Structures are given as C-alpha cells and as structure tokens.
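S.K.: Chains as they are written, first to last, in the numbering used here: chain A, 1 to 138; chain B, 1001 to 1375.
These are calculated hints, taken from the structure and not from any lab test.
Hints may be right or wrong, so weigh each one.
Stated by the list, open to error - Label-pair distances were calculated between CB atoms; the ranges are:
no.: 1; chain 1: A; residue 1: LYS119; chain 2: B; residue 2: LEU1124; range: 53 to 61 Å
no.: 2; chain 1: B; residue 1: GLN1268; chain 2: A; residue 2: LEU90; range: 47 to 55 Å
no.: 3; chain 1: B; residue 1: ARG1169; chain 2: A; residue 2: THR135; range: 41 to 49 Å
no.: 4; chain 1: B; residue 1: GLU1023; chain 2: A; residue 2: GLU115; range: 52 to 60 Å
Keep in mind it's a predicted model, so treat the numbers as computed, not measured.
Beta carbons are placed, not taken as given, at the ideal position from N, Cα and C, and that holds for glycine.
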Amino acid sequence: MKVGKYEIREDLLYTKDHEWIKIINDNESVVGITDYAADMLHDIVFVSLPEEGSEIKQGAVAATVESVKSTADVMIPLSGRIILTNKELLQHPEKVNQSPYEDGWFFRLKPYNTESEKKSLLTPSAYADLIQHLTQQS
Amino acid sequence: MSKAGVKVTQIFPSYKDSCKLTEFAGYLLPLYFKGIIDEVLAVRNSVGVFDVSHMGRIELQGDDASNLLENILTISVTKGEPGRAMYGFMCNERGGVVDDLITYKHTDKKYTLVVNCSNKEKDLAWMRKSSGGMNVEIKDITDESILIAVQGPSSSKMLDEFGVGDIKRFRFNIREYYGNEMMIARTGYTGEDGYELLLRNVTHSNPDKGIRLWKHLSESAAIFSGLNCGLGARDTLRIEAGLPLHGNDISEDISPVEAGLERFVDFQKTKFIGKDALEEIRERKHRTMVALVLKENIIPRSHCRVFMGGEEVGIVTSGTYSPVLKKGIAMALVNSELKKGDLCEVEVRGARWKAEITGFPFYEVEKYGYRRRSN
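Sequences and hints are given; from them, build the entire structure.
M.R.: Now the structure itself:
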C-alpha cells in the first residue's frame, strides 16, 4: 500500500522509529529501514553495521545511518543474535535510498522472544496511520 | 501552506512544489530539489541556480556613507574604486564578528550591502547606532528586490546573454532586466566561479519579473546540465571551499583573526570598531581554524570535540560529508600549535575517530574552484 508517495509493505511489521522487520520463521528475521525513513534521511552516504554474532536487546541501537545533513540510529525491533549483515551497504549505502525493502536490508537476526516482543510492533495498517499523521503535520 | 510567522521569498511560488522545504532563519526555503549530492556536483562540474533572496540587502546613500563604512568595517571601502565588491567584517569592540558581508561600491556616496539573513535587524541597529550625526540614509531593500546565485564553471557561458564576459571576480555591473535595474556581481559562496544577480523592484505583491528571471535561469541551467539548488548544497559547497558561516565559524566570540581571515582585516586603517582588540588577539592568538579530513567513514558535525594525544585541543565549528572527497570533513577551531599534516581525533557519538589536518579549500584547486585550470 502507499501513503502519499511512501510505500508500506503488507508482509512486514514496523516500529514507530521506522524500522521494518520481516519474520521469515522462528529462527530468522530480516531488518531494514522504511521508505519514509530513507526519504527523510535523504542521500545516505555511510552505514555502520553490527558485528555478526553479537546479541542485541529489543530497542537498542544496532546500526547507524549517516546522510549529508543528519545521522540516525537503527534500533533492533526484536531481541536477538545477529546472524548476517548486508556488507554491500558499506560500499553502496545509496542502496538504502534506492531499495529500502529489498537490496537496502541491514541485517538478519535470530530472534529470542518473537511472540512476546512482537506485540509491541506495528502492523502495516498501524504504521500507515503513523505515516499519514506525520505527513499531514508537515 | 506556510506556518504563521514564517517568511518566504518573492519567487517562492515558482519552485515550492518542486523541492523539499526547510525553515532557516525565519524563512521557508528549498533544502534540496533533486538531491544535495547531485546539486553539489552540478555546481562543481557545470552550474547551479540558488534563490538566496532571504539574504539581507541594505542600501546606504549620502555624503557620509563612506565615513560610516570606514568606521564599522574591517576593510577600507575608500581604497576600492566604484564597481568593486568587497568582503569584510563588522566587528564589535572585542574583535568579535557582528556580521560578515559583501559591500558593493557604486560611488563614494552609494553602497549596497549583502548581509546574513539572521543578522539583518541587528546589523541595521548597529549601523544606525554608529551613524549618529552622519548624513547617510540606511535603507532595507530586502523585500523590494531578489537575489539569485548562479554558480559553477559553466556560469559565465550560461550568462553570456547578460554580457557578463567583462565582469571580473569581485566586480559588478548594472544591467537592466525588462526595465528593472539588475546588479550582476561576480561573487558567490561556493568556491566556484559564479555570479549573484540582484534584481530591484520585485515585491511580494508584484513578483512577476523575479519569477520570470528565476524560471529563465533554471531553464538555461538545464541546457548546461545544471540544476536548481537548495540550502543543503549551499552549506556543503561553502564548507568544501572553507568559507565561514556566521554563527558557526565566526561569531561575536570568534574573531576573523582566529578564523584565519586576517586578510580581510586592514590593520593599516587608522581606526575602525574592534581594531584595538583585533591587534591584541593577533599578538596572543591561541586558537586557529583548521581543515579536518576524517580517515574513517564518519561525518563530524558542529560542536564535536577535537582531541590530540588524549588531550582536548578544540571544537568542530562546521562539518559535513564532502561529495567531492567522499569523506567526512570539518572546519575546526583548535589550539594554534596544531599544523597541517598533524593527526588528531574527532569525537562523534561518544567514540573518537582519526582525522588529518589538511588545508582550505578541501578540494584540489587544480580540478575544482574558480582557480581551476580552465578547460
């Protein structure tokens, strides 16, 4: 679905801080930032990624994104262990702007408490409401 | 819709739907059109067009216009002949910078000043206070004129139709545009060759000629593979060139001498406001402005602290990502013992990152900037 010019995918869950998470199965999820976040940051030039194997608690900083004019933290949507990072972004950070939901993914993780923590995530329609609200303000 | 109390320039309606807007110094202005990096590279490689009508424009007229400027500016306007554009500072008694500005000399009795948007009211009050008993009229012409910058190596070719060929750097000519007076100056804030066009008699209620000029320049730029540019590109370009921004790199507390801009302070003048303090600062100078290039993929921002061997040695005053260098760069005010080639560390988000002290401008002068080898 789309809110204004922003794409929101139906098969993902979201955070209010504009991360998306795709829950593939109990052992694997993929995380990135949303179309809206990438557009707000604009011209992403550097990305830093977490170490593979590191364990990060829900809501803690897992990666950072730097654009010409600002810096943003990427928070982990579910507690877990990082199993793979998208090192392609170190050479080509512009992929986050070009393809936030596909080539611009940040990391894959093995979540620990998927069911209990999932309740705090936003459904696509709840995230769409948030974007609707944010775009009307400006 | 703009929020209550926020100003826009006279030509805002012609671009408002084609850019991302941002609020700056009380104005709603373009942050970028196509994108900051694309716009920076357009100016470095071809040409960019900027609406800078938010900049304050002040006209001084009267027998004492030169006397007033000699007293409040760090440079000598009487030494310059008519047609000169002169960069300099208005300083306070402590040698701090009230504002930096370009003074355009029409005659000994008439000058146009271009000042920073956020300082305009302060500047007007400062000039009025300093002109007591003098025969000089100080007039704010910001709302009855527009200012458009055309910057980049293709700017001379692009503006050929306006006969800019005979205008030298930091000189200006007066032309006419559909009956309105237009001052074309070969000045700018990007480090590149370029021009600033000041068109008179364009108001919010009668903006047509201003909008016509903006549209014309935008279309001309496109022919030269140029772009409309916003404030994001403007700030990044001026940092790459090592040009100061008032409030960051110079301020009421950072003097031109410390900021490495002594060449715009004429100590041979018998007197001007701030001269004694500036002479003293020159004697016991303990801070100096340096160029830092980050060795890692990190962007320094203003207020980041600078360290050397574990000791704090200064602070970043402006920082950005340089599209030309593809690295994080910063202007930093540091202990004056630090010199070119020294390695230091910049603290960003709690961690320290290696940086090297280089020189201004950040780019290679053979390849970029107005001194580049002509192609």
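S.K.: Are the hints correct? Go through all of them and say.
M.R.: Hints, one by one, checked against the model:
1. LYS119(A) with LEU1124(B): 53 to 61 Å: Given about 59 Å between the Cβ atoms, the range holds.
2. GLN1268(B) with LEU90(A): 47 to 55 Å: holds, 54 Å
3. ARG1169(B) with THR135(A): 41 to 49 Å: holds, 45 Å
4. GLU1023(B) with GLU115(A): 52 to 60 Å: Hint violated: Cβ distance 44 Å, outside 52 to 60 Å.
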